[in-house]
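Residue-level listing of the chains:
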Amino acid sequence: MSNKIVAKKVSVFYGPKQALFDVDLNVAEKQVTALIGPSGCGKSTFIRCLNRMNDVIDICKVSGNIEIDGKDIYDKSVDVVQLREKVGMVFQKPNPFPKSIYENISYGPTIHGIAKDKTHMDEIVETSLKKAALWDEVKDRLDQPGTGLSGGQQQRLCIARAISINPEVILMDEPCSALDPIATAKIETLIDDLKSSYTIAIVTHSMAQAARVSQHTGFFHLGKLIEFDFTDKIFKNPENQMTQDYITGRFG
Amino acid sequence: MNEHIVKSYDEQLSILKNTIAKMGSLAERQIKDATEAALKQDQGFADAIVGKDDRIDDLEKSIEQQVVNLLTMRQPLAIDLRETVSAMKISSDLERIGDLSKNIAKRSRHLDQNIVDDINKNFSAASVKVQKNVKFVLDAFLNRDAKLAEQVWYADEEIDTLVDICMNSILKCIEKSSDGSGAAACSQMMFMSKNLERIGDHATNIAETVYFLVTGDYLEGDRPKGESDIVSGQ
Ligand SMILES: Nc1ncnc2c1ncn2[C@@H]1O[C@H](COP(=O)(O)OP(=O)(O)OP(=O)(O)O)[C@@H](O)[C@H]1O
Ligand SMILES: [Mg+2]
Chain A
1 MSNKIVAKKV
11 SVFYGPKQAL
21 FDVDLNVAEK
31 QVTALIGPSG
41 CGKSTFIRCL
51 NRMNDVIDIC
61 KVSGNIEIDG
71 KDIYDKSVDV
81 VQLREKVGMV
91 FQKPNPFPKS
101 IYENISYGPT
111 IHGIAKDKTH
121 MDEIVETSLK
131 KAALWDEVKD
141 RLDQPGTGLS
151 GGQQQRLCIA
161 RAISINPEVI
171 LMDEPCSALD
181 PIATAKIETL
191 IDDLKSSYTI
201 AIVTHSMAQA
211 ARVSQHTGFF
221 HLGKLIEFDF
231 TDKIFKNPEN
241 QMTQDYITGR
251 FG
Chain B
253 MNEHIVKSYD
263 EQLSILKNTI
273 AKMGSLAERQ
283 IKDATEAALK
293 QDQGFADAIV
303 GKDDRIDDLE
313 KSIEQQVVNL
323 LTMRQPLAID
333 LRETVSAMKI
343 SSDLERIGDL
353 SKNIAKRSRH
363 LDQNIVDDIN
373 KNFSAASVKV
383 QKNVKFVLDA
393 FLNRDAKLAE
403 QVWYADEEID
413 TLVDICMNSI
423 LKCIEKSSDG
433 SGAAACSQMM
443 FMSKNLERIG
453 DHATNIAETV
463 YFLVTGDYLE
473 GDRPKGESDI
483 VSGQ
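Residue numbers (the numbering used here), protein chains in the order written: chain A, 1 to 252; chain B, 253 to 486.
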């Protein structure tokens, strides 16, 4: 088992406020790593570091070292657009483009030059939507705006969009928080399927979901990584009392 | 231990623990009484013991329901999960202990004067050791004491030895009676001794469960086994 992502001593500041403190965390290749912890503990902040999404926040300063495939992703020579092609992301809040459902998916493959022709693009759109468990609900209205979908459908659209460009790493920030149990089960199945070819990091507030989909789990609290271990260990017998209190719902 | 944010979750868990405690003390009592009924050949007492087994069965059902409720409503994790799963396992061992005790009481109705003092003495000794193990393992459960659970686990070997001694004395008695007059009662006694040994095994199961509950680890290694041939069949 090798590490796709190696993060060392990652600290993040929003202006004067420190949101992450010296986080060391590795993301194993072709496995699912779950990040859990109370609201505001820095899960999104950490996951956003992994494809430099924090760059777009002016007051945000990231220090430490993050390597993907042994390469420092904060190095000056790194092309951020290429990085994000390789490291796709599904955000906490669904953010479809104000364009048609079809174009929401075709956008990525177009700018990255992935589709050979129109037929190929149709194929990519269809398989991406199928994988994200949305195809049946939208196949007859692909030309309608993505923003007209329900919240849960929008989230699945964003998942379809993320996988349409075949990234190597997929970062998911609470991808199922707006989904019903059936759609959640489909996304979890998708995550399970995807891990044979992709490396996945997922933020979730559902302990059961973390236990179901991930092999590794990191517990964050107040910007610090408190415990990181095999998921099995974390949910059956964690080492740290804080982890235990959190996952058993005892946090005061 | 910190408390759950949802108060009633803690209440549910503590009710579960109390139900196990109640079931445990009834089961422990049944072994003691069944042994006494056998030694005194007291049929009336034996009947009463048989009648009391339903109470243990009811508690097992109650625990099963509580566990199912906890799993669906709370989706317990970590210590809570171990607690919930352990309760289920321990209750089924206690139910078996209750059954085996009931069986001792039932068989005791068929005993007669042919049971010699020697056998009674050995049976009593084995039973006392079994009762001790069951008591200790319940204490280990209530006090979350992994060390004590481990001791109970090791002590099972002594039960096997005592049961073996008892069985040998029964065998000797059968061999000695030339006309076969005591054979029926002796063979009842044989099954009753075997029941004691099996109750000991259930106490060992519970010891393993308690160890897992407290530490999250499994007791390593082969189960301790007595040297005895009759008990182990080796
Ligand atoms: N753009 C921002 N500007 C200023 N502070 C921010 C910004 N984003 C996050 N923070 C702060 O950083 C800390 C960590 O936030 P983050 O969004 O990473 O938490 P989280 O663990 O993802 O929480 P949640 O589970 O609620 O999504 C919080 O204190 C938050 O207020
Ligand atoms: Mg977040």
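Watch out, some of these pointers could steer you wrong.
Below are the EDC-like pairs computed for lysine to aspartate or glutamate, each with C-alpha atoms no more than 20 Å apart in a straight line [as the list claims (entries may be wrong)]:
#, chain 1, residue 1, chain 2, residue 2
1, A, Lys233, B, Asp364
2, B, Lys358, B, Asp305
3, A, Lys30, A, Glu67
4, A, Lys236, B, Glu288
5, A, Lys236, B, Glu335
6, B, Lys269, B, Glu316
7, A, Lys131, A, Glu67
8, A, Lys233, B, Glu335
9, A, Lys236, B, Asp397
10, B, Lys269, B, Glu472
11, A, Lys236, B, Glu460
12, A, Lys186, A, Glu137
13, A, Lys236, B, Asp299
14, B, Lys373, B, Asp305
15, A, Lys71, A, Glu85
16, A, Lys236, B, Glu472
17, A, Lys233, B, Glu472
18, B, Lys358, B, Glu288
19, B, Lys428, B, Asp369
20, B, Lys259, B, Glu335
21, B, Lys284, B, Asp299
22, A, Lys71, A, Asp58
23, A, Lys233, B, Asp299
24, B, Lys292, B, Asp364
25, A, Lys224, A, Glu85
26, A, Lys236, B, Asp305
Just so you know, the hints here were simulated from the structure itself, not pulled from any lab data.
Structure-inconsistent hints, enumerated in ascending order | 1, 4, 7, 10, 13, 14, 22, 23, 25, 26
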